[in-house]
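Here's the letter readout for the chains.
There are 2 protein chains.
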Amino acid sequence: MKPTTFAIRGAVCFSTAPEKLTCFENAFVICQNGRTVGVFPQLPAQFDGIPVRDVGEQLVIPGMNDLHLHAPQYAFHGMYMDLELLEWLNQVTFPEEARYRDLSYARKAYSIFAEDLQKSATTRACIFATLHVEATELLMDLMENTGLRTYIGKVNMDRNGTAELQEESAAVSTKDTIRWINDTAEKYENVKPILTPRFTPSCTDALMHALAELQKTYGLPVQSHLSENQSEIAWVHELCPNTSFYGEAYDQFGLFGGINCPTIMAHCVYSSDAEISLMKKRGVFIAHCPQSNTNLSSGIAPARRYLDEGLRIGLGTDIAGGHSLSMLRAIADAIQVSKLRWRLVDDSLKPLSLEEAFYMATMGGGAFFGNVGTFMENYEFDALILDDSILRHPQPLTARERLERLIYLSDDRCITGKYVSGNKIF
Amino acid sequence: MKPTTFAIRGAVCFSTAPEKLTCFENAFVICQNGRTVGVFPQLPAQFDGIPVRDVGEQLVIPGMNDLHLHAPQYAFHGMYMDLELLEWLNQVTFPEEARYRDLSYARKAYSIFAEDLQKSATTRACIFATLHVEATELLMDLMENTGLRTYIGKVNMDRNGTAELQEESAAVSTKDTIRWINDTAEKYENVKPILTPRFTPSCTDALMHALAELQKTYGLPVQSHLSENQSEIAWVHELCPNTSFYGEAYDQFGLFGGINCPTIMAHCVYSSDAEISLMKKRGVFIAHCPQSNTNLSSGIAPARRYLDEGLRIGLGTDIAGGHSLSMLRAIADAIQVSKLRWRLVDDSLKPLSLEEAFYMATMGGGAFFGNVGTFMENYEFDALILDDSILRHPQPLTARERLERLIYLSDDRCITGKYVSGNKIF
Chain A
0 MKPTTFAIRG
10 AVCFSTAPEK
20 LTCFENAFVI
30 CQNGRTVGVF
40 PQLPAQFDGI
50 PVRDVGEQLV
60 IPGMNDLHLH
70 APQYAFHGMY
80 MDLELLEWLN
90 QVTFPEEARY
100 RDLSYARKAY
110 SIFAEDLQKS
120 ATTRACIFAT
130 LHVEATELLM
140 DLMENTGLRT
150 YIGKVNMDRN
160 GTAELQEESA
170 AVSTKDTIRW
180 INDTAEKYEN
190 VKPILTPRFT
200 PSCTDALMHA
210 LAELQKTYGL
220 PVQSHLSENQ
230 SEIAWVHELC
240 PNTSFYGEAY
250 DQFGLFGGIN
260 CPTIMAHCVY
270 SSDAEISLMK
280 KRGVFIAHCP
290 QSNTNLSSGI
300 APARRYLDEG
310 LRIGLGTDIA
320 GGHSLSMLRA
330 IADAIQVSKL
340 RWRLVDDSLK
350 PLSLEEAFYM
360 ATMGGGAFFG
370 NVGTFMENYE
380 FDALILDDSI
390 LRHPQPLTAR
400 ERLERLIYLS
410 DDRCITGKYV
420 SGNKIF
Chain B
0 MKPTTFAIRG
10 AVCFSTAPEK
20 LTCFENAFVI
30 CQNGRTVGVF
40 PQLPAQFDGI
50 PVRDVGEQLV
60 IPGMNDLHLH
70 APQYAFHGMY
80 MDLELLEWLN
90 QVTFPEEARY
100 RDLSYARKAY
110 SIFAEDLQKS
120 ATTRACIFAT
130 LHVEATELLM
140 DLMENTGLRT
150 YIGKVNMDRN
160 GTAELQEESA
170 AVSTKDTIRW
180 INDTAEKYEN
190 VKPILTPRFT
200 PSCTDALMHA
210 LAELQKTYGL
220 PVQSHLSENQ
230 SEIAWVHELC
240 PNTSFYGEAY
250 DQFGLFGGIN
260 CPTIMAHCVY
270 SSDAEISLMK
280 KRGVFIAHCP
290 QSNTNLSSGI
300 APARRYLDEG
310 LRIGLGTDIA
320 GGHSLSMLRA
330 IADAIQVSKL
340 RWRLVDDSLK
350 PLSLEEAFYM
360 ATMGGGAFFG
370 NVGTFMENYE
380 FDALILDDSI
390 LRHPQPLTAR
400 ERLERLIYLS
410 DDRCITGKYV
420 SGNKIF
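These protein sequence lines are chains A and B, in that order. Heads up: the first sequence at position 385 corresponds to 384 in numbering that gives the first Met the number 0, and the numbers run straight through without jumps. Heads up: the second sequence at position 341 corresponds to 340 in numbering that gives the first Met the number 0, and the numbers run straight through without jumps.
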């Protein structure tokens, strides 16, 4: 039987607020019944004798929460990068996603994805699958076995796809979605379904209406895309002439946050003041995907503004608009693009600090999953153990300096341990 | 004795022009007396019986030429990234460089640098050391043993430094430089000295005059920094009121290219039309350092313009303004920032393609070293062998697709072989 109380001893870093990173050179992080008790320089007397995993000089940090990525696109991550969003969807993405009709292909591709995500810095994720029910359920089976906590969505798309990748009608899409929800809603310990209208151009009003009904009936969360690219926004405006901004195209159906409809919207690069205001009011989570927004020439989202105005914001790798599965890299990318935005677009929004970007990857995105993303008391115990010994250096470094180096320089070799909700993944 | 003629068999990719990438799924690259004979689908009859290194499905590509990096700054690469150029110089860079007065520290730090550079994708590089003669010679000794071909510069700086990091006078700087040149000019097979005035704010007119004399006397190349940051440019304008643009501050002394003065200028983010025109006229090499320009919030250089207008341009990692030593990463970074520049600054300059950025890292920068950077006939045989087997994929990929993935996703584990001028490094 797994011990219900244990500690990890090492150098420890975690956020307690967007601008506040707490670091200990040597401390104990204690887990009891899947939750964090706290971080202590010495093991408190009442925990004498509990199992301690001593990781020496390695770093112990909270797990990373990836708010947006597409599992089927992992098959071509790092390729076909010389395209813009809409041409990339039609020339690369849709043809690849169509292949997941074939379950043997899906098994091959999704196995690689699940294994690589398990080894990565990610402990929790919100994942798009494809429109195919069987392949999506296969992905959920594979992800269940990784021990990571994930929301996975069968994609809905009944217009503007291709002959190979589009659902026949809103009715067929709805029927498939109900079958998928019934198959999976209570099946897993680690995986949960999330409603996933691809984006407004992919979903008819009839389909959106039906999804909103399902959302209410089953109490499911929602994920989609918002204001990523200017051509996309213009297209949505044509498709929904009754709306004054893109977010309304979801909100008019009741698929845009609110207490009973937790919602993630990816990108928000060009959200208007009105859209931002509505996201704040509805508590919509923004998945900021800096690498993808760069690769697809979309632009740079005003993450600083979202953070300062108190919106809910986390980071996403957006595989395969983003090429890297690494959430540590996503932290560095978020900082880097914020500097370029400050310099080139709007110098009233100062660059993100390391503290702020780390917060977004841990507590910011973690909030979508509950009390997740830090080592404060009663938060779910998600942790990474990081070994920076391959990053040699000629002088002693503090835990804070070593964390920064790992964020900028590490690869999966550096991730030597991982826990989700108190369960040891490796 | 090393064989003077041999072949490598694998998947082969190389540039022949900025927009032209040639790929063979399976071919022989032949080296004779340190130079490339050519790339052949079958081994030509006259080469029957030569040693062949068969690397199976691995890729064989030309070596990468890093036109700009600072060896002493490798000690803090990936740290202190939340600063802008001038504060970063004073708070981080100058204090660290001052430590190289201590040869035992220099040996420790430079050994790590030399070993890591040897393992990297870089085959040739232009490197800044510090102002210290002994530590610079130590670096040159260490780099000689790596087998990489490098230019290394003792830095000149006799103003605007710190108490710990500044030369006493132009005379002392000049005397030290002469001693260093005499010590090293003919000492090495792989390493050559390069004159290195840090940048205009660091060098008095008297020092610049003296360096120009040394340049003529010894026929040395020159490397420095140019138009990286707007505050820096404004400062140069104050320091050199007689000049109409930054480049003239070098050109007025004869330290800005020309047939007898091969020159690299790093950055060129904000070069004016007049400066660009003079760089073209003088054949100045631009070291485009996209990662550094991002990290230091400098901006994005118009690399597309430089390439299209026929200027000489290569890539630089600019350790430690840039955090990654990987020139493959520099290729991806150059593409990425060119997309943001196109989207956010100037949509008349379209993003760089993979072909163009790969060309810059190989042939573009290679031209500074002679006939270097491709597998065309008579070019020096610099080659990398790349293993992408850790980057699993569910479908067969072409050599071109695999190269793109390696550029975006690889780390030093993928570099399994390296040749410089026909000599096997590993």
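It is possible that part of the hints are untrue.
Said to hold, decoys possible - Residues on chain A that point at chain B, a partial pick, calculated with CB under 10 Å:
| hint | residue |
| --- | --- |
| 1 | Glu24 |
| 2 | Met78 |
| 3 | Glu95 |
| 4 | Ala97 |
| 5 | Leu102 |
| 6 | Tyr104 |
| 7 | Asn294 |
| 8 | Ile334 |
| 9 | Lys338 |
| 10 | Trp341 |
| 11 | Val344 |
| 12 | Glu354 |
| 13 | Ala366 |
| 14 | Gly369 |
| 15 | Glu400 |
| 16 | Arg404 |
To be verified - Covered by chain B, per the in silico footprint, the following chain A stretches (three or more residues, Cβ under 8 Å):
| hint | stretch |
| --- | --- |
| 17 | 107 to 121 |
| 18 | 406 to 417 |
Hints were generated in silico from the structure; no laboratory data involved. Glycine included, C-beta positions come from ideal geometry on N, C-alpha and C.
- Message: Using C-beta distances, would you say chain B covers the stretch 406 to 417 of chain A, given that this needs three or more residues below 8 Å?
- Response: holds (count 5)
- When the nearest CB of chain B is found for Gly369/A, is that gap smaller than 10 Å? Violated - the Cβ of Gly369/A stays beyond 10 Å from chain B, reaching only about 30 Å at its closest.
- Item | Satisfaction of the Ala366/A interface hint, Cβ to chain B closer than 10 Å | 24 Å, violated
- Item | Satisfaction of the Leu102/A interface hint, Cβ to chain B closer than 10 Å | 13 Å, violated
- Under 10 Å, Cβ to Cβ, is where Glu400/A needs to be relative to chain B, so tell me if that hint holds or is violated. 5 Å, holds
- Query: With 10 Å as the cut and Cβ atoms as the points, is Ala97/A at the interface with chain B?
  - Reply: Constraint on Ala97/A not satisfied, violated at 13 Å.
- Task: Closer than 10 Å between Cβ atoms is the bar; does Arg404/A clear it against chain B? Give me holds or violated.
- Result: 4 Å, holds
- Would you check whether Lys338/A satisfies its interface hint, that is, whether its CB is within less than 10 Å of any CB in chain B? Hint on Lys338/A: holds, closest Cβ of chain B at ~4 Å, below 10 Å.
- Against chain B, run the beta carbon of Met78/A and see if the smallest gap drops under 10 Å. At about 5 Å, which falls below the 10 Å cut-off, the nearest Cβ of chain B leaves the hint on Met78/A intact, so it holds.
- Message: The hint names Glu354/A as touching chain B; please verify it with the least Cβ-Cβ distance against 10 Å.
- Response: Cβ of Glu354/A sits 9 Å from chain B, so the hint holds.
- Query: Against chain B, is Trp341/A within 10 Å by beta-carbon distance?
  - Reply: With a closest approach of 6 Å, the Trp341/A hint holds.
- Item | Interface hint compliance - Glu95/A to chain B, C-beta minimum distance less than 10 Å | Glu95/A check passes; min Cβ-Cβ to chain B is 9 Å, inside 10 Å.
Against the hints set out earlier in the document, violations occur for numbers 1, 4, 5, 13, 14.
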